[in-house]
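Put the complex together from the two separate chains, hints included.
For the protein sequence lines, the chains are A and B, in the order given.
Numbering follows the numbering used here, with no gaps: position 39 of the first sequence is 39.
Numbering follows the numbering used here, with no gaps: position 122 of the second sequence is 1122.
Hints listed in this document are in silico derivations from the structure and should not be mistaken for laboratory results.
From the three backbone atoms N, C-alpha and C, an ideal C-beta is built for every residue, glycine too.
Any given hint could turn out to be false.
[Unchecked claim] Computed spacing ranges between beta-carbons, pair by pair:
hint	chain 1	residue 1	chain 2	residue 2	range
1	A	W159	B	S1089	50 to 60 Å
2	A	L500	B	P1026	47 to 57 Å
3	B	A1021	A	I472	54 to 64 Å
[As the list claims (entries may be wrong)] Stretches of chain A that chain B covers, calculated by requiring three or more beta carbons in the stretch to come under 8 Å of a beta carbon on chain B:
hint	region
4	47-60
5	345-353
[What the hints assert, rightly or not] With a straight-line cut-off of 25 Å between C-alpha atoms, the simulated SDA-like cross-links for lysine to any residue are:
hint	chain 1	residue 1	chain 2	residue 2
6	A	K271	B	A1054
7	A	K547	A	G565
8	A	K547	A	L526
9	A	K476	B	R1034
10	A	K476	B	R1068
11	A	K487	B	R1098
12	A	K271	B	R1056
13	A	K487	B	E1101
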Amino acid sequence: METALVLNSFMLLTLLILFTPIILPPLLNIQNTPQSIPKTIKTAFLISLIPTIIFLHSEMESITTYWEWQLTQNFKIPIYLKMDLYSMTFFPIALFVTWSILEFSTWYMAWEPFISKFFTFLLIFLIAMLTLPIANNMFLLFIGWEGVGIMSFLLIGWWQGRAEANTAALQAMIYNRIGDICLILSMAWLASTLNSWEIQQTIQPNQTPILPLLGLILAATGKSAQFGLHPWLPGAMEGPTPVSALLHSSTMVVAAIFLLIRTHPILSSNKLALTTCLCLGALSTLFAATCAFTQNDIKKIIAFSTSSQLGLMMVTIGLDLPQLAFLHISTHAFFKAMLFLCSGLIIHGLNGEQDIRKMGCLQKTLPMTTSYLTISNLALMGTPFLAGFYSKDPIIENLNTSYINTWALLLTLLATSFTATYSLRMTLLVQTGHTRSPTITPINENTSSAILPIIRLAFGSIMAGLLISSLILPTKTPPMTMPAITKTAAIIVTILGIILALELSNMTHTLTPPKQNPLMNFSSSLSYFNPLTHRTNPTILLHSGQKIATHLTDMAWYKKMGPEGLANLHLIMSKTLTTLHTGLIKSYLGSFTLTILIMILMTPK
Amino acid sequence: MGAHLARRYGGGADTEPDPLAMPTFPVDLGLPEREPRTMVATAQQLSDGRVPLAQRDFCAHHLLRLMRCRRDAFPSLWQCQHLRHQWDSCEHQDYVMRMKEFERERRLLQRQKRIREREAAVAAE
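Chain B extracted, bound-state conformation (with noise of 0.2 Å):
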């Protein structure tokens, strides 16, 4: 929130990204060995489960896993504490990742930025 505002009126708004328009630039862009990301739970199996859709990520096979835990170790809840941990810690790499995209996509786009203004002063001359 503070550096969203700071940006926001301390300068570099131009340079933002916007979240629901990403990516911008193709994805493997000074990164040629990157593959997609692929979810390791199927469709068949969260709509088994009952996987809520907004928990349909990349963490699923996670929650599957904790939820059939849930479900067997009941009511001693406490038993599957290790794979909460398993699912809170995916998300958070998840975050991590997402928020490590937003900062490529502004770099990029300052990057982009340069360039032209780069261009800009060598047409001028």
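The shape of chain A in the complex, shown without the other chains (with noise of 0.2 Å):
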């Protein structure tokens, strides 16, 4: 009893910290400074780490209702609170990346004069991302889930005066609510079927229609860029640094496969929906580790990897394992927010350059910068022993030992051997090589506000696989037994994909270019997508709109139904009775004059 009061105070307390530097400030009429939300959040982390602590040792979930909305008799929207394994791993995650990101942007947004506002607005986006994992209802969770898309959406056009940072705003959300719309349709399922919306109650033994799951995973593809609603995470790119590393690489992203993973009782009920996830996760993870390799701009080769680690999250929640896609998750949200960092500091040295053919020889210039972005990228690739082995690696285990689709293997494994090699070029082509940046740079490392935030994620993405996967019990039996080749899989098609690399990049220093490469092209043009849909849709739709709009009236009314139908109408008639004229008078009396013989004849007396 007084474990579960602990728990539920502690993690009250966390959230009540986060939210004193909104309310404080307009009640006591003080400003917030660029360091008191940083300190802020540092304050919750800490704190977070009790409930934490607490939960593991005692393996105790608790479930806690604090108000109710009684929209019905029978219809009532607690505010439901779930303290399980799920939320009480991922607070502390988030709270430690966070504080990370916002100790890094106090020197990367220095610069900023409404640097404040910058930061209220990631603690908000903070809070409504913290809201999802601990809500227990499927109105909290939307709160959550709309709240993210939102400070999303104001983030990515932060620097309003560039009309591109508008656009790809405006194309995330547009994107996003997609997904939005049919997770509302789900929604709108369960409370009319199951008239609830509460996650426990939504578990039955019969197998669940595909069309609540089908509005899920429509959900899940637009908030997590999978294939299909993807184009919206490069073009988030043009927010600030800060910003893609908080939200499009470790928290928002996610919130859709944390979705899938709260409603898994009900998807792994329906064997259609797993494979959707499956083959989804599949296609998308290969479709972004394809684009990845011939982009040139930092933040996007990193994007791309992004959506390609989403849909390797996606595999595995068709494999029906979402203990093992939280804790990819966990691992991937250190090294990606790493990347990112380590991206931005590449950038703001080198005054704002983000092409990676514009640099090179950095580990000279930026040696700190670039071990840490090599131990991100070997993190990444799933390198043995470091965060991401500890999550890859079973999910590769996993999907060579089950019963399924091969078409799907396939394409998760040749996506790994992918992602080794467009990390690996981007190591080559930022690290190595000669200098290809102008001499005259900002280039430092020494201001302790952008290096201690990436040291203590390089020691996350060193441990943080190690101790999560130690402290938490699987829930399910991993695979014990398999050959020696499907256990190495994961490690092979790597290796592979770096010999790949190498291959290439020493192919580049001999070889003259070719002038025009379909599959380059292919690639580079992000499989012509983005001009096929951007263009397509709204011309068949704007031009049928106009057409309606402007000519059905004037068409309908004026003309078809008024005088030139009438006309018309005439016109077929005398035609029509014109043909039948031939003009032949004599034949015309001859068939009176028998017509009227034969009816006087016939006229009886």
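Here it is, written out as structure tokens:
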């Protein structure tokens, strides 16, 4: 009893601390400083460790109801908080990553005149994001879902003067909105069929119909930039690097995977839904990895890498392994945030240059940053005993040993190989070779507020996988036994990817580049998805709309139904009758005479 | 996966057992001294230990010991590594047993197929 009380109290205290920079300044008539919000989040992180440790020791889950909104007699929406493995583990991870990113932002955004407003936006985003894992009903989850979407829009378009930033923010909003509508449809089905939005009450012994599950999967497709609704994620790199690091790698994009983890009991009852997740995830991971090959913007490479890893998480959901997907979310947050922070340091040091073709030999000028960049790339590739290994390798092992779709397996292995290739390409172009950047650049890594967060995240990228997997017992028995080739499949394909990258790198020094290469055009144009969908659909819709709005009324009422229509009718009749008139008067007189004679003869006397 | 693919496309698919419909032969066919497996941990113990449903199998008694050790040894969880190894080893043996059952099912189906072919050949004569 006391354990549950302590657990709930510390979780509420954590949330309350996060609210203080928003509530206290207007009440006490004070201003937030750029240092106050990172310190608040650091405090919240340290306090959140207490309930996490209590939970890991006691393994006592807790569901608490605070207030109930009675919509109708039978339908109530409580503020329903669930403290289980997922929320207890995600809280400190999200707070740790956010603390590091905000501390980095005090250096990165030091010249920004509205930096306090920027930090406040990030804090509001964090509160919305933390609402998601702790929510035990769909209503509260939806509030968090929409909250992160709105803040994503505001933060991507932070530099409002840039047209590209505004376009990217709008694009993100529109693609996410498609997913949001599907989520609302699923919630409507749950409310009408099960009369409840509580996640526990959605579990039923029979197979759940495919319609609400498709809604959930489409919502996840939109939020997690899976194939079909993916263009917004690379475009979101128009926002500041801290926004990309926090929202579009570690937290917001994984909200969709979290939704599927929470609803996995109903998802696992329907094999078609699981297969959909598997195939969609496999396609997304390979597509994103292919696109990352030919990108030259360092942030876009990392964005596609994020998209690829999200596809891998979707594959894990398709394998009915939600805990493993959550483990990958946790480890991915560390090394992906570190990748973005290192790239931000490099971009700032090269005076805003983001093209990797104009970088080079940075391991001499930025030794620490490039070392941490290498560590995060190695973790991303699944190098043994770094963080990514403890989540990625079990996923590949489960994939290889399960009785599933071979096509999805092959695509995922190929994507794993490509991950190594584009990571090594980025490493070689950024860190090695000759310097291709201007000589007079403000390169330095002496600022502690820039380097210390990266060091913390590096510690997480090395130790997080080991810590989390040893602290948590698996809820499903992992595969123990498999042939050696299956066990080492992940490392073999990674090594093949590295060899491929080295060979291609050697070839670029000796061969002349071809003038036109259809495969490269396909990859660098992102498979022509953007122009095909962004031009075709709106053109058809707008043309139809224009025709309906301007031509339909005039055409229908003034022409077809009005004078022109009547004239046309007359024209048809007269044309038909005209052809009947042959002009043979004698024949007409003869037929009249014959008819009259017959009538006279037939008339009875 | 390789064996499954080879048998599906390389021949032998008609005698491939269906994992969801096993066993189709009596369990003591050819093994007269065989006794049914029994769980060591009771349902009450598993319920009290709040063991996840998917892990209430024939190795659950090892899992219960592991969970108790982890609770008592927290935060030095490395002291329970020997119990984790015992649980993993039991799961491995369980997997080997299941694969052996699968292989037994396949061989019995092949034997059944040979018997039917022999009877059909005799009937044709």
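The hints, checked one at a time:
About 58 Å separates the C-beta atoms of W159(A) and S1089(B), a value consistent with the hinted range of 50 to 60 Å. Taken as a hint, the range 47 to 57 Å holds for the pair L500(A) and P1026(B), whose Cβ atoms sit roughly 54 Å apart. Remark: the range hint 54 to 64 Å for A1021(B) to I472(A) is contradicted by a beta-carbon distance near 35 Å. Counting residues of the region 47-60 of chain A whose beta-carbon sits less than 8 Å from any beta-carbon of chain B gives 5, enough to reach three: the coverage restraint holds.
Given a C-beta distance limit of less than 8 Å, the hint that chain B covers the region 345-353 of chain A is violated, as 0 residues qualify and 3 are needed. Restraint check: the Cα-Cα separation between K271(A) and A1054(B) comes to about 18 Å, which is no more than 25 Å; the hinted pair holds. As the CA atoms of K547(A) and G565(A) are separated by approximately 20 Å, the hinted pair is consistent with the 25 Å bound. Proposed proximity of K547(A) and L526(A) is contradicted: the alpha carbons are some 33 Å apart, above 25 Å.
Taking the CA atoms of K476(A) and R1034(B), the gap is near 29 Å; set against the 25 Å cutoff, the hint is violated. With a CA separation close to 18 Å, the supplied pair K476(A) and R1068(B) stays within the 25 Å bound. For the hint linking K487(A) to R1098(B), the alpha-carbon distance of about 20 Å falls within 25 Å, and the restraint holds. Restraint check: the Cα-Cα separation between K271(A) and R1056(B) comes to about 23 Å, which is no more than 25 Å; the hinted pair holds.
For the hint linking K487(A) to E1101(B), the alpha-carbon distance of about 23 Å falls within 25 Å, and the restraint holds.
Hint compliance for this structure: hints 3, 5, 8, 9 are broken, all remaining hints hold.
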